[in-house]
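> If you read the sequences in order, they're chains A and B.
Each residue of the first sequence is one higher than the last, beginning at 1 in the working numbering.
Each residue of the second sequence is one higher than the last, beginning at 1 in the working numbering.
It should be emphasised that the hints constitute simulated quantities derived from the structure, not laboratory data.
All residues carry an ideal CB built from backbone N, CA and C; glycine is no exception.
Among the hints, erroneous ones may be present.
BS3-like mimics (lysine-lysine), calculated; alpha carbons at most 30 Å apart, straight line [to be verified]:
hint: 1; chain 1: B; residue 1: K396; chain 2: A; residue 2: K232
hint: 2; chain 1: B; residue 1: K396; chain 2: B; residue 2: K485
hint: 3; chain 1: A; residue 1: K85; chain 2: B; residue 2: K396
Interface residues of chain B toward chain A, partial, derived using beta-carbon atoms under 7 Å [as the list claims (entries may be wrong)]:
hint: 4; residue: E11
hint: 5; residue: P14
hint: 6; residue: M147
hint: 7; residue: Y148
hint: 8; residue: H193
hint: 9; residue: I251
hint: 10; residue: L255
hint: 11; residue: P259
hint: 12; residue: H285
hint: 13; residue: A290
hint: 14; residue: I311
hint: 15; residue: V320
hint: 16; residue: I321
hint: 17; residue: G324
hint: 18; residue: N325
hint: 19; residue: A331
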Amino acid sequence: MAAPISVLTKTPLTFQELLFQLQQFWASRGCILQQAYDVEVGAGTMSPETFLRVLGPKPFRVAYAQPSRRPADGRYGKNPNRLFKHTQMQVVLKPPPDDIQALYLKSLEAIGIDLRQHDVKFEEDNWESPTLGAWGIGWQVMLDGLEITQFTYFQQCGGIDLDPIAGEITYGLERIAAFLQDVDSIYDIVWAREPDTGREVTYGEVRLADELQFSVYNFEKADVEKLWQHFKLYEEECQSLLAEARGRLGDAEDSDTESRSRLPLLAAFDLCLKCSHLFNLLDARGAISVTERVGVIARIRTLAVGVAKAYAAQQTQPVSA
Amino acid sequence: MPAFLLEIGLEEIPAGMVAAAQIELAERVHKLLVRERLTTDTLQVMSFSTPRRLAVRVDGLSPQQADMEEEIVGPSLKVAYKDGVPTPAAIAFAKKSGVEVSALQTIQNAKGEYVTATVRRAGRSAAEVLTGLLPAEIAGIYWPKSMYWRAGKPERFVRPVRWLLALLDEEILPLEFAGVRADGVSHGHRVLHGDKPVVVRAPREYEEKLAAAYVQVDPEVRRHSIRKALDAATRQIPGARWREDEELVEIVTHLTEWPTVLLGDFEKEHLTLPEEILVTVMRDHQKYFALEDENRSPRRLLPNFLAVLNIEVDEAGAAVIRHGNERVLRARFNDARFFWDVDQKIPLVDRVEMLKNVTFHKDLGSYWDKTQRNREVARQIIDRFDPPIFDADSVKFKTFCSGVDQAALLAKTDLTTEMVKEFTELQGVVGGLYAKAQRLPDGVARAIADHYKPTSQEDSIPRTPAGSIVALADKISTIVDMFAKGFQPTGSKDPFALRRAGNGVVRILAEDTYLRDKLHLESVCWAAMQETSAMQDSQLRNAIYSFMLDRFEFYLQESRSIHPQVASAIRHARTTGGFQEVNGQLVGYGRIVGFAEELNGQVGSPEVLAVAELLKRAANIQRQAKEKGIQFLNAENTALLQDPSEEELARLVTEVDASIQKNYREGKYKEVIAAIAGLQQPLNAFFDSVMVMVDDPQLRGNRLALLSRTVSVVRWAADFSELASIQETA
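Bound conformation, chain A alone (with noise of 0.2 Å):
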């Protein structure tokens, strides 16, 4: 094997200075910066700011780092590839813009790539997720052989047909990262460099305790009756508040705008935030059989599907009688 090539001449970006310029980059075109949504999600489309978002017709750009978790995928720390807990930097612009891939090419060179030094290709790879009644059509776009964004044009999202579509880039920064840093393992990425001293803190000292404790909960200790009372509590909740905003939404009658916006819809979603990460620590118990599975899923199906009709139906203004 070859000596280790430095795949930048000067010092390549830490993981919080990769996420500054990406969000320095977005922002600068436009997209509002949130921070991450506070409840656990399996990927930065879950986040309302995508999922709630992309529906009707407002123009709207946003960029932010999601932590997303896949209870399945943790490996206890111990692989150098996997996580429990991944960054996705997600960026959503509506309508999409029709320069968006060369923007998205300028985004990889604020980052430190340049492209006359390495191999890009956009694969075919479209999205789905029948959990949340969303599919797009795209890419992954690779690096030098490695999958880096997911690049999607959004056509459907909780079962409504988009209109504009959004375009939405999602790149997986501890790849990127460990890329751009040339190591081996996820929990060397240099995660942030203290300007007087040089001292480096790794992903791994940040990290690794995080990925631990979370597998011994997710695969050994979560309690899967306690599990399936949460979802069905969840469950419950959320359905009862859109049988409330159904009721006032359907109603001819009720044109009164502030009671319209007034019905929680947001929080509705929370709801199936939550039964949707329920079931994703359930599965990672073993405790879902594959019979149950389907069904399970089309639960979720309904709650994310029931809140974003309702969303867009309370987007709309009534028609004044």
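Given chain A's structure and the hints, the job is docking chain B onto it.
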């Protein structure tokens, strides 16, 4: 003669869709030119494609449509004139057609006399026609999956259209599609050329201008240069060659605009992983070509790979890209090794129970249920070998049976492994590898590995009879059970890929050298129907069998290039079976294919045509008699044979019957056909001197019985009446 160029600029088209779209665009443009009378004798249509563009260039098209005269039919004469005076209807028709009333003519057609107008249409220019009609052709291109991108969703296309280049000689055709107006500008390689517009002044400049902008627009040229570059990179390693992979060459051709090739290495210790896994990771996941040692047999993998890049870089750049690709591959191999080690902790035998948690189909239960079913059907198939596979009491037979059973038991267990969860395309293969690693008999490991085979027309059949039996059991039981649940394929819908399963069954029966003379399609179907609802339901049985015979007919045509009429004649032979007439001893399906090929070779010959004509006549008489409800005798009564030609035919048919069956079973197909052709003389003589439909019911019934037997004897081998008016094969 003018030249024309159209280029559609797109965001990256999926590699698997480019080639078909390129062909379709060229065809659409060609057909448009024909339809619009813009072709000349020197017309030449060329097409190009890259991931970001589809293009077509036409040389020698006509600049202008010829003017045309057209006759338009108007109202009937009666309506058009009253007492010789034009009515308002005639005046309106003349006005609409743009001619004077006095210029109207009269014609006589099937419906009577009508008024017509001769209209002169001035030919339009090619520019006008193309500008007006091309957008609809672009919009009509078929895409397996397409998307919306513009607000209001005015059109769907594979990916967003970003530019259009349309030139008729040096004139820009201002056509519009998807909100983009055509211009004289193209775009080069994203990185190597950058944003600078590529101005194309005339169609002939196209390839050259794009090549200067680092885009090789002709996929044919790219394919060739990739192959040469793969060869060149391979030469860096003495004694190495890259593993030929046409499909992968095709994919990387459609993933690149300016391809180059890079050689990379991986650590030798990864070579301890099975080759199947290494190659799947490299090929399917990374689109790398594997390298192998040219001089070793069997060919061994080398710790190297070739990646096809879409960029040209200097040495420093190449080092960076090589390093990146090697990093990814190393991580992938480490993953595979991890899965391998984890999976070995639970041997396949202990995974059978775990199959209870893997759904096969919601109405058909788990893979555990499927496993039990496959074992039983495999047993049933072995019972139906004719002649038997081994002496039933022999040790060999017992060993064989227990091997098949063990393979059927373990065939699906790899679905529970981490390796198959990660590399789903390796199902079966992983099972075989694990079986070997867990020191199960080689035969069992091979049968497990092969039991999904053949997965396509191109794929090979299982390597061993045990593998073939498990494969047959797996496929036929799925077909029978799905049919029983009402999931048969309809039209283009075949969600459970039952046609593919059926094709696999037929191919194994026809091609497995060990089974093909001992196993009949009907036996295989019966094996799977035991103890199912099909036993009581003859309609279901017939549906299944007719589906399987469809697959057989398809196989004869597609894989054996048998003329469709011959394939149909064979399908309707008594040898192919069908539950209507089980005829005692069955012949192996390999024999049937052998006969089909011989018949296909002779089908145009005068002998075959002549006897086919006569047999068709016999069959027709028989059919008409049946339709009229005329009684046949069950068998002919020799006492009622009056004419010498009747006696001769009756005697010969008996002889031919024995001869057909004997020769057929011995694989002497020429003799079978000769025997059938030998019926020409006696049949001719019979038709010349005997009247079948006489008034005497006894005599008539007897003659019908004789003809019926003649037809049936021949139909044992093929329904010759279908070969009477055979169309020459293309």
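> Please go over all the hints and tell whether each is borne out by the structure.
Taking the hints in turn, this is what the structure says about them:
A hinted pair counts as satisfied when its Cα atoms are at most 30 Å apart, and K396(B) with K232(A) does not qualify at roughly 59 Å. Simply put, K396(B) and K485(B) have alpha-carbon atoms about 38 Å apart, too far for the 30 Å limit, and the pair is violated. Simply put, K85(A) and K396(B) have alpha-carbon atoms about 56 Å apart, too far for the 30 Å limit, and the pair is violated. Restraint check, E11(B) versus chain A: the minimum CB separation of about 6 Å is within 7 Å; hint holds.
Restraint check, P14(B) versus chain A: the minimum CB separation of about 3 Å is within 7 Å; hint holds. A cut of 7 Å between beta carbons decides the hint on M147(B): the least distance to chain A is about 4 Å, and the hint holds. Look at Y148(B): its Cβ gets to within about 6 Å of chain A, closer than 7 Å, so that hint holds up. For H193(B), the interface hint is violated, since its Cβ never comes within 7 Å of a Cβ in chain A; the closest pair sits about 11 Å apart.
For I251(B), the suggested interface contact is broken, since its CB lies about 9 Å from the closest CB of chain A, more than 7 Å. Taking 7 Å as the C-beta cut-off, the interface hint given for L255(B) holds, the closest approach to chain A being about 6 Å. A cut of 7 Å between beta carbons decides the hint on P259(B): the least distance to chain A is about 10 Å, and the hint is violated. Checking H285(B) against chain A: minimum C-beta separation of about 9 Å lies over 7 Å; hint violated.
Hint status for A290(B): violated, given a least beta-carbon distance of 15 Å to chain A, over 7 Å. At its closest, the beta carbon of I311(B) sits 5 Å from a beta carbon of chain A; the interface hint therefore holds under the 7 Å criterion. Interface hint status for V320(B): upheld, as the beta-carbon distance to the closest one in chain A is roughly 5 Å, under 7 Å. With a least beta-carbon distance of about 5 Å to chain A, the hint placing I321(B) at the interface is held under the 7 Å criterion.
Taken as an interface hint, G324(B) checks out: its beta carbon lies about 3 Å from the nearest beta carbon of chain A, inside 7 Å. For N325(B), the shortest C-beta to C-beta distance to chain A is roughly 4 Å, which falls under 7 Å, so the interface hint holds. Because the beta carbon of A331(B) sits about 5 Å from the nearest beta carbon in chain A, less than 7 Å, this interface hint is met.
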